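Protein chains in written order, with my numbering: chain A, 291 to 918; chain B, 35 to 335.
Keep in mind that the hints were calculated from the coordinates and are not lab data. The structure presented is a predicted model; accordingly, all values stated were derived computationally and were not measured. Where is the CB? At the ideal position from N, CA and C, for every residue including glycine. Hints may be right or wrong, so weigh each one.
With a straight-line Cα cutoff of 25 angstroms, these simulated SDA-like cross-link-like pairs (lysine to any residue) come out [as the list claims (entries may be wrong)]:
| id | chain 1 | residue 1 | chain 2 | residue 2 |
| --- | --- | --- | --- | --- |
| 1 | B | 44 | A | 544 |
| 2 | A | 634 | A | 557 |
| 3 | A | 634 | B | 202 |
| 4 | A | 655 | A | 418 |
| 5 | B | 44 | A | 378 |
| 6 | B | 209 | A | 592 |
| 7 | A | 326 | B | 295 |
| 8 | A | 556 | A | 868 |
| 9 | A | 556 | A | 635 |
| 10 | B | 209 | A | 662 |
| 11 | B | 44 | A | 404 |
| 12 | B | 83 | A | 583 |
| 13 | B | 44 | A | 325 |
| 14 | B | 260 | B | 147 |
| 15 | A | 835 | A | 785 |
| 16 | B | 83 | A | 576 |
| 17 | B | 83 | A | 565 |
| 18 | B | 83 | A | 544 |
| 19 | B | 260 | B | 274 |
| 20 | A | 495 | A | 457 |
| 21 | A | 810 | A | 890 |
| 22 | B | 44 | A | 890 |
Here are some, though not all, of the chain A residues that point toward chain B, as calculated from beta-carbon distances under 7 angstroms [as the list claims (entries may be wrong)]:
| id | residue |
| --- | --- |
| 23 | 300 |
| 24 | 371 |
| 25 | 382 |
| 26 | 398 |
| 27 | 401 |
| 28 | 522 |
| 29 | 524 |
| 30 | 535 |
| 31 | 537 |
| 32 | 576 |
| 33 | 629 |
| 34 | 688 |
| 35 | 692 |
| 36 | 699 |
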Amino acid sequence: MPHRTYADMDLLRFTTAGSVDDGKSTLIGRLLHDTKSIFEDQMQQIEGASRRLGNEGLNLALLTDGLRAEREQKITIDVAYRYFATPRRKFIISDTPGHVQYTRNMVTGASTAELAVILVDASRGVLTQSKRHAFITSLLGIPHLVVAVNKMDLVDYSEDVYDEIRGEFNDFSTKLTVKDISYVPISALHGDNVVSRSDRMPWYKGGALLHRLENVNLGARRNHIDFRFPVQYVVRPNSEFRGYAGTVSSGTVSPGEEVVVLPSGKGTRVESVQAAGDDVDEAVAGDAIVLTMEDELDISRGDMIVRRRNVPTVGDRFEAYLCWMSEEAMEPGRAYQLLHTTRKVQAFVESIEYRVDVDTLHREKAGFLDLNEIGRVEIATSRPIFFDSYRVNTATGSFVLVDPHTNTTVAAGMIRGTVTRLEPQPRRRVSPDVVWEGLNISREEREAQSGQRAALVWFTGMSGAGKTTIARAVERRLFELGKRTMLLDGDQVRHGLCGDLGFSAGDRSENIRRVGEVAKLFFEQGSVVLCTFVSPFRTDREAVKELFPKAQVLEVYVRAPLEVLHDRDPKNLYAREASGELSLPGSATPYEAPESPDIEVDTSAVSVESAVQIVLDRLQTLILGPDG
Amino acid sequence: MSKRVRGHLKALENEAIHVFREVAAQFERPVLLFSGGKDSIVMAWVARKAFHPAPVPFPLLHIDTGHNFPETIEFRDRFVKEMGFELSVRYVQESIDKGRVKEEEGPEASRNALQTVTLLDAINELQVDAALGGARRDEEKARAKERFFSHRDRFGQWDPKNQRPELWNLYNGRKNPGEHFRVFPLSNWTEMDVWQYIRLESIPIPLLYLAHEREVVRRNGVLLAKTDFIQILEDDRVSLETVRFRTIGDATCTGAFESDAHSVEAIIQETAAARVTERGGRSDDRRSEAAMEDRKREGYF
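Full structure from sequences and hints, please.
Okay, here's the thing in structure tokens:
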């Protein structure tokens with residue numbers, strides 16, 4: 291009873307690739323025909339068409355070459371999907387053309403496949419195109435590759451020919467990352483080793499192609515460890531129920547688990563996991579579910595729910611492989627829309643590191659990418675996305691670019707990883723082979739001469755809070771009192787010293803590190819150094835403070851309610867953020883407020899003058915010393 | 035907890051739910067094209083799951099050729115009511131009355147092709163930006179190349195040579211004003227999948243799908259139901275047969291076939307043994323080898 295097992299059958303999506311005339315359509319026709327997936331009326335149509343086209347016998351390729359243009363040009367021009375089932379498995383074939391200019395179709399077909407069948411014509415050997423197909427298979431992270439050496443009938447079913455092709459392909463495959471490669475000699479035309487084993491090649495000890503398709507392990511493509519849940523849609527039928535609908539990208543989720551919502555970073559627990567209204571104990575990668583949370587949080591489409599101790603990279607700059615799919619070449623600096631999980635952001639291709647010659651796998655310098663070209667690029671986005679590397683997690687490592695003018699999808703991207711350091715890592719503090727001799731004149735000597743102790747005043751707070759206004763007024767007053775001062779602010783250091791940095795989390799960290807070192811020089815020279823930086827990350831600020839004697843540091847936290855900041859918006863930044871041009875700490879990306887600042891000023895409640903006075907009062911005692 | 039679908043049917047259901055939610059998120063005024071046939075029934079069924087416990091956030095739209103089997107309409111109205119859907123109906127007859135289309139004449143006359151105009155008019159009138167259809171890629175050669183999100187220009191036309199690449203599960207629904215998308219959540223389902231799903235989920239279906247006695251006329255190897263909508267010719271032989279339908283469309287061109295499958299279970303057995311495609315009984319597809327492709331280019335379902 292075939293239908294009994296039918297409900298328990300699993301699903302293999304695979305893709306086929308081959309050069310023109312490798313017999314790919316014939317192979318698919320053969321698979322469909324021999325698994326009895328072709329109906330009589332289809333057969334009649336093909337028989338009729340075969341006769342009209344002057345083919346001898348049945349042209350199985352006509353089954354798959356669906357569109358009129360294909361019939362005319364006798365080539366497959368687009369991805370077509372085919373279905374067949376055996377008692378063990380249901381199969382979805384994405385049939386992709388092998389014609390030289392259609393790399394994009396193969397990439398499309400391969401994006402969802404778990405296995406690729408690459409056809410090699412035994413009478414022609416391993417062609418450049420076969421290698422190209424194998425490279426794309428590898429690039430798209432397809433875990434299983436089957437090399438079907440076709441047209442064995444044309445080489446008298448020769449074992450030597452098969453071995454030679456197998457050897458050549460094997461050598462080439464060492465450059466790829468596909469782990470599981472198998473080979474099978476076939477004749478699609480005559481059906482040898484396609485559905486059942488052929489006795490015309492007794493030297494071949496393996497199974498037929500279909501046997502391989504039926505037995506390959508499924509699920510190798512999915513990441514079962516790292517829970518990632520991009521929120522797709524908020525289900526809110528009434529004020530009682532608030533559920534977050536989406537498809538589990540990877541990992542598993544169960545009620546009661548502690549989760550964090552990105553980008554807010556707020557934590558809660560999963561209250562329930564629902565599949566079409568039923569409460570379930572667990573959902574796994576691929577499941578379309580609804581989650582409810584224990585706490586009422588503001589969560590919307592594009593947010594991502596993850597485990598507390600297993601979060602993806604949050605960043606707005608990353609490296610990726612890009613396959614260009616548009617007639618109009620890609621040039622760095624143009625704005626595109628980037629679709630990643632359920633998030634949509636603006637993106638720029640910042641630079642092309644190199645283009646891959648897919649035939650030789652050589653890297654070459656490139657100023658642009660043309661249709662069907664693949665390159666490694668650096669991408670910057672207007673807001674952070676939450677990603678993993680494609681190798682580790684297909685679902686959170688893949689994206690497409692859309693041309694905002696034509697609305698078409700112009701590129702497929704696979705994220706390699708971050709270009710910047712996002713987690714502050716233990717960094718090298720000293721270059722190799724250098725010796726610190728000590729300062730020629732010590733700070734203490736300078737302090738004694740000037741009668742002023744050096745100090746670091748670090749102003750932190752969100753953009754528009756009033757850091758610079760206060761700091762400037764403080765410095766002016768100190769100057770008038772005859773003190774040595776220096777003021778460093780964000781916009782100033784980003785002209786020059788830090789002009790090479792952007793605003794990703796990693797770049798912000800590096801910016802603060804450099805500022806810390808510069809401040810230290812002025813400090814050692816005996817000055818009161820005032821630094822005004824958003825400096826959103828606590829760890830970065832702590833790292834700076836560690837460079838200075840504790841007693842000579844003042845951390846000033848300048849803040850104001852978000853509405854006030856949006857109202858003030860002196861640099862027009864919040865308005866630009868609202869239009870999606872950039873992202874600011876404290877709204878789209880995190881701002882970590884100091885836990886115990888030396889001074890905290892709410893500038894919506896206190897005037898600039900009194901804020902300045904508060905800072906000066908503390909500084910007076912600090913720079914004059916305990917006796918002052 | 036109710037019995038849950040497993041294996042490949044669950045994978046297909048997950049995929050369809052994902053697409054429904056994507057449509058609800060990306061578009062402002064989607065509709066679900068509902069014909070009362072099994073594919074549109076399954077589509078509506080899965081849509082309810084996608085948004086549970088909230089109602090489906092878009093209405094059903096039926097393009098009524100006026101040549102429906104009465105059973106289809108009865109079923110439609112009951113289904114819509116029981117499932118809590120909102121339904122809009124637009125009539126081909128109105129398009130004819132307004133002179134938007136001209137009715138075909140002769141014994142083979144069908145309103146099937148005329149639906150396209152009524153549908154496009156409805157899309158304009160209701161400012162629909164996404165029309166969900168139950169088409170499956172396994173039905174026909176031209177459909178094998180459809181995307182899940184299929185872009186239509188201002189004239190509702192499909193350009194098979196210029197389709198957007200569709201990768202992973204990232205769906206690009208960007209468009210200009212006046213354009214729309216056809217979206218096919220059941221793209222990867224086969225006829226067998228649909229029937230298995232109907233059985234596992236105990237989904238109600240019109241009785242036309244089950245074997246019943248009916249007066250039929252045999253023409254060009256197709257059994258047509260004797261209805262008021264077809265012209266009986268002199269040499270037509272009308273006979274009473276036990277038949278059922280594999281697809282339910284316009285009564286003038288949907289072929290019945292002899293069957294004694296009285297249950298969904300029996301339909302599944304029959305489908306497993308079937309030697310003709312389900313559209314093999316559709317006389318509209320037989321008009322030329324590229325009949326479907328031509329109709330799709332013009333904006334057919």
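Hint check results:
{"no.": "1", "hint": "B:44 x A:544", "result": "19 angstroms, holds"}
{"no.": "2", "hint": "A:634 x A:557", "result": "23 angstroms, holds"}
{"no.": "3", "hint": "A:634 x B:202", "result": "15 angstroms, holds"}
{"no.": "4", "hint": "A:655 x A:418", "result": "21 angstroms, holds"}
{"no.": "5", "hint": "B:44 x A:378", "result": "16 angstroms, holds"}
{"no.": "6", "hint": "B:209 x A:592", "result": "20 angstroms, holds"}
{"no.": "7", "hint": "A:326 x B:295", "result": "22 angstroms, holds"}
{"no.": "8", "hint": "A:556 x A:868", "result": "22 angstroms, holds"}
{"no.": "9", "hint": "A:556 x A:635", "result": "22 angstroms, holds"}
{"no.": "10", "hint": "B:209 x A:662", "result": "24 angstroms, holds"}
{"no.": "11", "hint": "B:44 x A:404", "result": "17 angstroms, holds"}
{"no.": "12", "hint": "B:83 x A:583", "result": "20 angstroms, holds"}
{"no.": "13", "hint": "B:44 x A:325", "result": "23 angstroms, holds"}
{"no.": "14", "hint": "B:260 x B:147", "result": "20 angstroms, holds"}
{"no.": "15", "hint": "A:835 x A:785", "result": "24 angstroms, holds"}
{"no.": "16", "hint": "B:83 x A:576", "result": "16 angstroms, holds"}
{"no.": "17", "hint": "B:83 x A:565", "result": "8 angstroms, holds"}
{"no.": "18", "hint": "B:83 x A:544", "result": "20 angstroms, holds"}
{"no.": "19", "hint": "B:260 x B:274", "result": "10 angstroms, holds"}
{"no.": "20", "hint": "A:495 x A:457", "result": "17 angstroms, holds"}
{"no.": "21", "hint": "A:810 x A:890", "result": "23 angstroms, holds"}
{"no.": "22", "hint": "B:44 x A:890", "result": "56 angstroms, violated"}
{"no.": "23", "hint": "300", "result": "5 angstroms, holds"}
{"no.": "24", "hint": "371", "result": "5 angstroms, holds"}
{"no.": "25", "hint": "382", "result": "6 angstroms, holds"}
{"no.": "26", "hint": "398", "result": "4 angstroms, holds"}
{"no.": "27", "hint": "401", "result": "4 angstroms, holds"}
{"no.": "28", "hint": "522", "result": "5 angstroms, holds"}
{"no.": "29", "hint": "524", "result": "9 angstroms, violated"}
{"no.": "30", "hint": "535", "result": "5 angstroms, holds"}
{"no.": "31", "hint": "537", "result": "5 angstroms, holds"}
{"no.": "32", "hint": "576", "result": "6 angstroms, holds"}
{"no.": "33", "hint": "629", "result": "5 angstroms, holds"}
{"no.": "34", "hint": "688", "result": "5 angstroms, holds"}
{"no.": "35", "hint": "692", "result": "5 angstroms, holds"}
{"no.": "36", "hint": "699", "result": "5 angstroms, holds"}
Hint check: violations occur at hints 22 and 29; the rest are consistent with the structure.
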